[in-house]
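Enquirer: Generate the whole structure from the sequences, applying the supplied hints.
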Amino acid sequence: MKTKSYILILFLLMAGFVLASMYTPSESDYVSVPPSKKNSETPSDVAFHKMMDVLTHPRCVNCHPNDHVPKQGIEGDPHDFGMSRGENNLGFEATKCTTCHQTENNPYSGVPGAPHWSLAPHSMQWQGLDRFEIAASMMDTERNGGRTPEDILHHLTEDKLVLWAFHPGVDAKGEPREVPPVSKEDYIKAVEAWFENGHVIPSN
Amino acid sequence: MQVNGQSHVVELTDEYTPLLWVIRDMLGLKGTKFGCGKAACGACTLHVDGEAVRSCSYPVKFAEGKEITTIEGLGDATNPHPVQQAWIEEIVPQCGYCQPGFMMATAALLDKIPNPTDEEIDDNIINVCRCGTYYRMRKAIHLAAEKQSALKTTNEPTNS
Chain E
0 MKTKSYILIL
10 FLLMAGFVLA
20 SMYTPSESDY
30 VSVPPSKKNS
40 ETPSDVAFHK
50 MMDVLTHPRC
60 VNCHPNDHVP
70 KQGIEGDPHD
80 FGMSRGENNL
90 GFEATKCTTC
100 HQTENNPYSG
110 VPGAPHWSLA
120 PHSMQWQGLD
130 RFEIAASMMD
140 TERNGGRTPE
150 DILHHLTEDK
160 LVLWAFHPGV
170 DAKGEPREVP
180 PVSKEDYIKA
190 VEAWFENGHV
200 IPSN
Chain Z
0 MQVNGQSHVV
10 ELTDEYTPLL
20 WVIRDMLGLK
30 GTKFGCGKAA
40 CGACTLHVDG
50 EAVRSCSYPV
60 KFAEGKEITT
70 IEGLGDATNP
80 HPVQQAWIEE
90 IVPQCGYCQP
100 GFMMATAALL
110 DKIPNPTDEE
120 IDDNIINVCR
130 CGTYYRMRKA
140 IHLAAEKQSA
150 LKTTNEPTNS
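Which chain is which? The protein sequence lines are E and Z, in order.
Position 119 of the first sequence, counting from 1, maps to 118 under numbering that gives the first Met the number 0, and the rest follow consecutively.
Position 99 of the second sequence, counting from 1, maps to 98 under numbering that gives the first Met the number 0, and the rest follow consecutively.
No lab work stands behind these hints, which were simulated from the structure alone.
A few of these clues could be false.
Incomplete in silico selection of chain Z near chain E, CB under 10 Å [unchecked claim]:
1) P17
2) Y57
3) T105
Every value quoted in this text rests on a predicted model; they were computed, and no experiment measured them.
Even for Gly, the Cβ is constructed at its ideal location relative to N, Cα and C.
Expert: And the structure:
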């Protein structure tokens, strides 16, 4: 009797081994679902977001404050020494922006510089706005100094002060300032593409 | 460039050399001081074409063709500028290091605002003084404004 049950167990074990060796893992029959794409993001939208990735960066927003105080640094801290917009976006009467900021970055003092260094007019305040609001403000002739879309295109792609964002120099410690997350070339292409496609601000 | 009315030609290998060093080391005008080297203290303030500039952060290449005025050019012992005169009368300086920068900033202010309010002084005269002579400076600035306008009145042609 005992022998029979041993044989039975042995048989079952062998059967188990045979069955186990027949099992080969195979690829799942399930088809993975692709991550949901934003509902049809057009090339214009892609260009918009690339452009706004730059324009929402502190290198740009710091000079588009929502008050009269320029901001500085990645944290957007108020400008040192109580500097303020003044009458004409150029600082105070005797201590102006150009008392310290020249037309080029200063490699020794760490003071940034670019042609016509100044604040953007108050109507062009961007601080605190989201990218869609900034774009709307930028295209609004009431707020953008009466500029046509053509003017804005040129301003964004050619103005030396705007493009300073990509060459912001070093600070007083000699450390390079952070640049926007898009290269200058890609930014310019994105701006041109967005304008070519009718400068449509996507709905958020 | 012109410095205090004199023409100078300067040759350097590094055109970004701060004007401060050219003024001090090459032209020997020691009145303008080095304080911080990062445009944060104003000790290096001088005038470029009549505008206040912090010379530690002003590459000499931008000075080409411009008129530079340093504290030595503002006035001297025999012929002090009203700002310097007021500074003497109010006994402003303590150690003296920051004073040329303050006087140059003040002279620039009085050019733009002949009779500044205390708020305008607060906004425009933002140099740093470690001896704390600010209260004497404020008095001196008001006094300098008076002196300067008195000068202007005496210099104006009379209509009689």
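Enquirer: Each hint: holds or not?
Expert: Hints versus structure:
1. Checking P17 of chain Z against chain E: minimum C-beta separation of about 6 Å stays under 10 Å; hint holds.
2. For Y57 of chain Z, the shortest C-beta to C-beta distance to chain E is roughly 6 Å, which falls under 10 Å, so the interface hint holds.
3. The criterion of a C-beta within 10 Å of any C-beta in chain E is met by T105 of chain Z, whose closest approach is roughly 8 Å, and the hint holds.
Of the hints listed earlier, there is not a single one the structure fails to meet.
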